[in-house]
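Peer 1: We have chain H; now place chain S onto it with these hints.
Protein chains: 2
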Amino acid sequence: MLTVGKELLIGRTLNTNAHWAGARLAKIGTMLKEITTVDDDLAEISRALRACLARSPDVLVIVGGLGPTPDDMTLRGVAMGLGKKLRVNRAALEMVKEHYARRGMGSVEMTPARKKMATLPVGAEPLANEVGTAAGVRVEMRRTVVFCLPGVPAEMRSLFSRFVMPEVERRLGPLGRKALRMKVEGVFESALAPLIEKELKLYPGTYIKSHPRGIKEGRSRIELDIVSVKKTREEAEKIGDAVASDMVRAIRGAGGSIVWSRGLKLEGD
Amino acid sequence: MLTVGKELLIGRTLNTNAHWAGARLAKIGTMLKEITTVDDDLAEISRALRACLARSPDVLVIVGGLGPTPDDMTLRGVAMGLGKKLRVNRAALEMVKEHYARRGMGSVEMTPARKKMATLPVGAEPLANEVGTAAGVRVEMRRTVVFCLPGVPAEMRSLFSRFVMPEVERRLGPLGRKALRMKVEGVFESALAPLIEKELKLYPGTYIKSHPRGIKEGRSRIELDIVSVKKTREEAEKIGDAVASDMVRAIRGAGGSIVWSRGLKLEGD
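Protein chains in written order, with this note's numbering: chain H, 5 to 273; chain S, 5 to 273.
A portion of the hints provided could be inaccurate.
Since copy identity is lost for identical chains, a pair holds within one copy or between any two.
Straight-line Cα separation of at most 25 Å, PhoX-like style, residue types lysine-lysine; simulated pairs [stated by the list, open to error]:
id : residue 1 : residue 2
1  : K119      : K205
2  : K37       : K187
3  : K213      : K101
4  : K101      : K220
5  : K119      : K202
6  : K88       : K202
7  : K31       : K89
8  : K213      : K119
9  : K235      : K101
10 : K202      : K220
11 : K220      : K31
12 : K234      : K202
Quick caveat, the hints were computed from the structure, so don't treat them as lab data.
In isolation and in its complexed conformation, chain H is listed as follows (with noise of 0.2 Å):
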């Protein structure tokens, strides 16, 4: 995911729409290999755009700068990026119309601000923006799908549900998850890391990680995450459950407690 836009950079806005995106994919069990934020420059977009294509990914998704604006430059650093030229898109051109119109504007002016919304590169395909006045764009290149979304986090968030999820979907294949969380206390992060060491040799793949939640009257705490994602269902529930009863064991013998927990069977609770 490539996030562009200066208010990122500066403190100004937290990028939600970044871990709105990797919670939605880590659901289905796939997840975001890399978020990157950049400036609205044209050559910074256009950069950071050939970077995650040398990656080859399945799905780039860059999210900001479709606006009309002149800081919003996502398309034109796209095109550059892509070497594409930019042309008008007619199908753009009356997704941005019919916005207006909707919002009681009337007959609408084109004027040259909204017909950059609708300038695309050549090749592109514009996707309706149900609940804003930029369109998305969907483009291939080689064997990646490259989506634009718009920045305002309610119209990224519906056009990455109405058409980054599917592709993901068919892309990705049937695939079962379980996640299990816990809260430990009286068990040090030093001493926990060779008991999740020795979990990821047992079954490789699994995602176990700890987060220190501070110490309270010497008892240090940490919530403790464990995800499996498998081809099932049922084997991803088996090797969760697995790793969690196997981790619950050794804190409880490291002199440790479970303070909580979700998704997990406790035995003798």
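Peer 2: Frame of chain H, contents of chain S only:
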């Protein structure tokens, strides 16, 4: 800035570290050029590090992955990316020991997991962490100073303030900054676009950005940011005020109004 951690890619944790650091830097008149987030993976970290260094930044800040668990592998990734060996650093070892001793753990056993936190790329220097366990790390590579900071926000902020900010300020020299913000109603973003474009031509290097905030009772609502950074505070204020007063005049001329503003003296209010 390179932020490392699967939790950032799967929507488990918002990247508040990059957000906070971006705001700190913007306040002194500079900015993050890029934020990249990658997984806890040796190949990913070393590849991303090399890509960042290829751009020859003044400063590269790497955040996360300094802890004791197996998925904390930033220092190994950095060593790989820089083509340096890893070696136990005596000063870093003392820092880790001292941390556990302070926590009331008496004589501290240096397990492999703890020793790992003191194993740095050759030539690197540990930075004392006053808030948590893992020391920060500073290492130079050609013209770039690379900082590695822990991902726990309180620790990251403490080390960023004490070590990164002084380095940035030293390289930057003195600068002045003026920031203004206003809420505008009754003008569409597409109508603001040519006004902004005109100001950007008059005052190149000024930051002018509109953020759409929805439409209420048929009136478009927009927040507008104006930031001017110059060699002195006086010059920055002069330019910032000039741009703001041009924008206010143009917005009112287009039938819009200013709902509220910050940093702005409005004539006729």
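Peer 1: Confirm or reject each hint.
Peer 2: Verification of the supplied hints:
1. In the homo-oligomer, the alpha carbons of K119 and K205 lie at most 25 Å apart only across protomers (21 Å), although the nearest pairing inside one protomer, at 56 Å, exceeds that limit.
2. Taking identical chains as interchangeable, the C-alpha atoms of K37 and K187 are never at most 25 Å apart, the minima being 27 Å within one chain and 37 Å between chains.
3. For the homomeric pair K213 and K101, the shortest alpha-carbon distance between copies (24 Å) is at most 25 Å, but the shortest distance inside one copy (49 Å) is not.
4. Only between protomers do K101 and K220 lie at most 25 Å apart by alpha-carbon distance; the minimum there is 20 Å, versus 59 Å within a single protomer.
5. For the homomeric pair K119 and K202, the shortest alpha-carbon distance between copies (18 Å) is at most 25 Å, but the shortest distance inside one copy (59 Å) is not.
6. Proximity of K88 and K202 under a CA criterion of 25 Å is satisfied in neither setting, with 50 Å inside one chain copy and 28 Å between copies.
7. Taking the shortest alpha-carbon separations for K31 and K89, neither the intra-copy value of 37 Å nor the inter-copy value of 38 Å comes in at or below 25 Å.
8. Taking CA atoms no more than 25 Å apart as the test, K213 paired with K119 passes between copies only; the shortest distance there is 19 Å, against 48 Å inside one copy.
9. Taking the closest pair of Cα atoms, K235 and K101 never come within 25 Å of each other, the shortest separation being 45 Å inside a single copy and 44 Å across copies.
10. For a Cα distance limit of 25 Å, the shortest separation of K202 from K220 qualifies neither inside one copy, at 28 Å, nor across copies, at 57 Å.
11. Taking the closest pair of Cα atoms, K220 and K31 never come within 25 Å of each other, the shortest separation being 32 Å inside a single copy and 35 Å across copies.
12. For a Cα distance limit of 25 Å, the shortest separation of K234 from K202 inside one copy, 20 Å, qualifies, whereas the shortest one across copies, 56 Å, does not.
Checked against the numbered hints above, the structure violates hints 2, 6, 7, 9, 10, 11; every other hint is satisfied.
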